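Chains L and W supply the protein sequences, listed in that same order. Throughout the first sequence, residue numbering follows this note's numbering, covering 1 to 268 in sequence. Throughout the second sequence, residue numbering follows this note's numbering, covering 269 to 655 in sequence.
Please keep in mind that the hints were generated in silico from the structure rather than gathered at the bench. Any given hint might turn out to be false.
As the list claims (entries may be wrong) - A few chain L residues that don't get close to chain W, going by computed Cβ distances all over 10 Å:
(1) T73
(2) D90
(3) Y111
(4) K185
(5) T186
(6) V198
(7) E218
(8) D228
(9) R237
(10) S241
Said to hold, decoys possible - Result set (BS3-like, lysine-lysine): computed pairs, CA atoms no more than 27 Å apart in a straight line:
(11) W:K421 with W:K347
(12) W:K542 with L:K89
(13) W:K542 with L:K117
(14) W:K351 with W:K578
(15) W:K421 with W:K351
(16) L:K52 with L:K210
(17) W:K509 with L:K249
(18) W:K427 with W:K578
(19) W:K278 with W:K348
(20) L:K243 with L:K135
(21) W:K348 with W:K427
(22) L:K89 with W:K421
Here the structure is a predicted model, which is why all the values come from computation and not from measurement. Think of the CB as a built atom: it goes at the ideal place given N, C-alpha and C, for glycine as much as any other residue.
Chain by chain, the residues run as shown.
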Amino acid sequence: MSINRRQFLRRAGIVTALGLGGSFAITGLRGKVVEAAGEAGYKTSENALEAKHWAMVVDMSKFKSEDDFKRVTESCVSIHNIPDFGNPKDEIKWIWEDDYEHTFSGGDNEYLTESFKELPFTVMCNHCENPPCVKACPTGATFKRPDGIVDMDYHRCIGCRFCMGACPFGARSFNYRDPRPFIKKTNPDFPTRTPGVVEKCTFCVERLAKGQMPACVEASNGGLIFGDLDDPNSEVRKIVSSKFTIRRKTDLGTQPSVYYLVGGEDHA
Amino acid sequence: MLEKALTGSKKYWAWIIFLLAVIAVGFMAYLKQFSYGLGLTGMSRDVSWGLYIAQFTFLVGVAASAVMLVTPYYLHDFKKFGKMVIFGEFLAVSAVIMCILFIFVDVGQPMRILNVLLYPQLHSVMFYDMCVLCGYLAINIIVGWTSLGAERKGIHPPKWVKFLVYLSVPWAFSIHTVTAFLYAGLPGRHFWLTAIMAARFLASAFAAGPSLLILLLLIVRKVSKFDPDPPGVGAIQSLVKIIRYAMIANVFFYICEVFTAFYSSIPGEMHAFKYVFVGLDGHASLVPFMWTATFLAFLGILLLVFPTRKNKVLLPIALLAIFFANWIDKGVVLIIAGFVPNSFERVTEYFPTSNEISIVLGVYAIGFLILTILYKVAISVREEKAQ
Chain L
1 MSINRRQFLR RAGIVTALGL GGSFAITGLR GKVVEAAGEA GYKTSENALE AKHWAMVVDM
61 SKFKSEDDFK RVTESCVSIH NIPDFGNPKD EIKWIWEDDY EHTFSGGDNE YLTESFKELP
121 FTVMCNHCEN PPCVKACPTG ATFKRPDGIV DMDYHRCIGC RFCMGACPFG ARSFNYRDPR
181 PFIKKTNPDF PTRTPGVVEK CTFCVERLAK GQMPACVEAS NGGLIFGDLD DPNSEVRKIV
241 SSKFTIRRKT DLGTQPSVYY LVGGEDHA
Chain W
269 MLEKALTGSK KYWAWIIFLL AVIAVGFMAY LKQFSYGLGL TGMSRDVSWG LYIAQFTFLV
329 GVAASAVMLV TPYYLHDFKK FGKMVIFGEF LAVSAVIMCI LFIFVDVGQP MRILNVLLYP
389 QLHSVMFYDM CVLCGYLAIN IIVGWTSLGA ERKGIHPPKW VKFLVYLSVP WAFSIHTVTA
449 FLYAGLPGRH FWLTAIMAAR FLASAFAAGP SLLILLLLIV RKVSKFDPDP PGVGAIQSLV
509 KIIRYAMIAN VFFYICEVFT AFYSSIPGEM HAFKYVFVGL DGHASLVPFM WTATFLAFLG
569 ILLLVFPTRK NKVLLPIALL AIFFANWIDK GVVLIIAGFV PNSFERVTEY FPTSNEISIV
629 LGVYAIGFLI LTILYKVAIS VREEKAQ
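Based on the provided sequences and hints, a complete structural model is requested.
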């Protein structure tokens, strides 16, 4: 097929017009979307706590009695409307305790005394720098915020549980049944969940936004130290850079943001 | 053409009514699960995927196996498969529909399932899995239906069908590869974190899928006047060879996995294999399954290697053995054992509930209903032409 000069010019003109018009339309649209987001006015409170990389240090020397663990766990349970079903199958937990042997599984030392193996540790979501759960989630219901926190959107989650398969730390729980009747005392300031969605520790994003420290940190009497790992002057950074801390399953490369300070009586 | 599924013998209708009854039971069970939540299943915080996802995984393989007919027939001009290709494509259609249904019954918030499209996440393998599965379903429905319609009119199918046929070949490989990637890319799940997962998936699929297809065709031969493999053609025996090599490759891959785990002696690599073959920390619920699968796999291979494969009685036994060996391996053990031991190296076992099993059977019944209808149409068209 051959075309003459006039046809060629006409067609070239049409294509150019379409291209320019299309790009204008797209830029215009994008501007609108941005405006809409601004109008909705999602402003953070003025005293909100902000960071580039929130991290937690668990100072094991401060967890001496059963009560130290209980206080921390219960502060989380009551604030976040976590149900108690009384069975491990449906169990939902954000922060809990497990022993050294299982928490740091893989590094078995067979000569370790039982008392060491059974040493309790506080465990929770590690808020990994490379979170496999976020990669797995097909809807973006779990996502990493710019401040390093791995958060959950309970309204977008479809309950496929891909994130639970992806998490190497067993940090995620699924609402296998309606949690509401099993909440001891409902906190009206935090949403309860529907059956069929996944949940986990969020480093208390709702409290950080109001300028408060995470509930467990507040209840820990200094056992949990929370701060910005990116800030060279923060307490967490000082501990992590100068004391002996361990993290769970570092060989997987997920870069957990929860550090365990072991054998350090005094921290920086 | 669909009207051909509305007339049939008494036996045909009895079968349809039986399937509808199973579907009804499964549907009631699903309604129960829908209102209560997935707590009605045996799944737990530790074993968060169970029979549903395992069936999904297995059936993706069955769907992909249609390519073992399509490739020889269209790409290598292997005419023997001429009468069987349509049955492979229709098997793929019903298998993919079952896959989609198994995902649907597995999600905790099924009403939100379209969030996968509303907020597509390009880093999630599940997004790609959804794309390739839906695409494969469309390809097989269009190709199968158009070819059959053309055959009925005694004309060649339109040229664009050929394009879709060629597209279906890499597409079939992609659906099972992407499904394997769902598992093989997860850190911390040693049983799944293996580079040959996709290869294993394809090998087991090309053994189990065509086995099922031949078994179905043997039934077709019994219940209709249409013979998909008339005397002298030898299409079934050609497919048997494919099954045999695929199954040998599958077993070989499995042995590779066992070698790597046990020669390296890395505890995490060995745990799940110990759990399925000898039990771990006193938990051994999957052990009888795995040994049955092992026995069936070798039985099937032996029967297909020797001339016993041509025996009318032994061939179906061999095919059943291979089908169930793969079903146990992929449709039961692989997914469950992936969660054992859990992230804290503790063993939590999984036992499906009766409600869960009813739903599984219900989905299978829907698949068989679709398969029956499609096969009925295809057979009727062929019978009509033969007259």
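| With d taken as the least Cβ-Cβ distance between L:D228 and chain W, does d exceed 10 Å? | holds (26 Å)
Check: Given the hinted pair W:K542 and L:K89, is their alpha-carbon gap at most 27 Å?
Finding: holds (23 Å)
Discussion item. What's the verdict on W:K421 and W:K351, does the C-alpha distance respect the 27 Å limit or exceed it?
Written reply: With Cα atoms ~16 Å apart, W:K421 and W:K351 stay inside 27 Å; holds.
| said: Would the hint linking W:K509 and L:K249 be met if the CA-CA limit is 27 Å? | reply: Not OK: W:K509 and L:K249 at ~46 Å, beyond 27 Å, violated.
Need the status of pair L:K52, L:K210: alpha-carbon distance at most 27 Å? holds (17 Å)
Checklist line | Given as non-interface: L:Y111, which should sit over 10 Å from chain W by C-beta | finding: holds (17 Å)
Going straight from one Cα to the other, do W:K427 and W:K578 come out at no more than 27 Å? violated (38 Å)
* To do: Over 10 Å to the closest beta carbon of chain W is the bar; see if L:E218 clears it.
  => holds (27 Å)
Query - Exclusion check [L:R237 not at the chain W interface, CB over 10 Å] - result: holds (26 Å)
**Prompt:** Given the hinted pair L:K243 and L:K135, is their alpha-carbon gap at most 27 Å?
**Reply:** violated (32 Å)
Beyond 10 Å from every chain W Cβ - status for L:T73: The assertion about L:T73 holds, with a minimum of 16 Å to chain W.
Next pair to validate is W:K542 with L:K117; report whether the Cα-Cα distance is within 27 Å. holds (23 Å)
In summary, the structure is inconsistent with hints 2, 6, 17, 18, 19, 20, 22 from the numbered list given earlier, while agreeing with the others.
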